[in-house]
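Using the sequences and the hints, build the whole thing.
By the UniProt record's numbering, the letter at position 21 of the sequence shown is numbered 21, and the numbering carries on one by one without gaps.
There could be a bad hint or two in this list.
Calculated cross-link-like contacts (lysine-lysine; reagent style DSS-like; alpha-carbon spacing at most 30 Å) [said to hold, decoys possible]:
1) Lys42 with Lys97
2) Lys4 with Lys97
3) Lys4 with Lys42
4) Lys42 with Lys88
These are computed hints drawn from the structure, not numbers from a lab. From a predicted model like this one, the values you see are computed outputs, not experimental measurements.
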Amino acid sequence: MSNKAVVSLATGMEDPERVTVAFLVALGAAEHGRPTLMFLTKEAVRLAVPGVAVGRSCEGCPSLPELLERFLAAGGTYLVCPLCFNAKALDPENLIKGAEIGGTVPMWEWIGEEGATSFSY
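Right, dumping it as structure tokens:
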């Protein structure tokens, strides 16, 4: 049985609380030693651009830059939907650390034959 985790996030900074929850779930998996991938689609692709995931979604919540830093330190990676990214005319040469452009085929290749626990936000 696989211990991999995939968190699919389609929401960006229009709903920072949802972004925070998705990052907390992904971070929990990564900090507990699970290989963890965040699949960013729709508005969430903007989070892969430096300087977008900023601020704090609620009083007492960790800041988004802190969550991104911890996720990267725990070995977490991001796969950014190329269709969504290109539709927004974003620069593929300007991504945060740990992010790469890739769609569903690379996601399934990463998951492999053992499968993964998945969450969707």
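> Failing hints, ascending?
Replying inline: none
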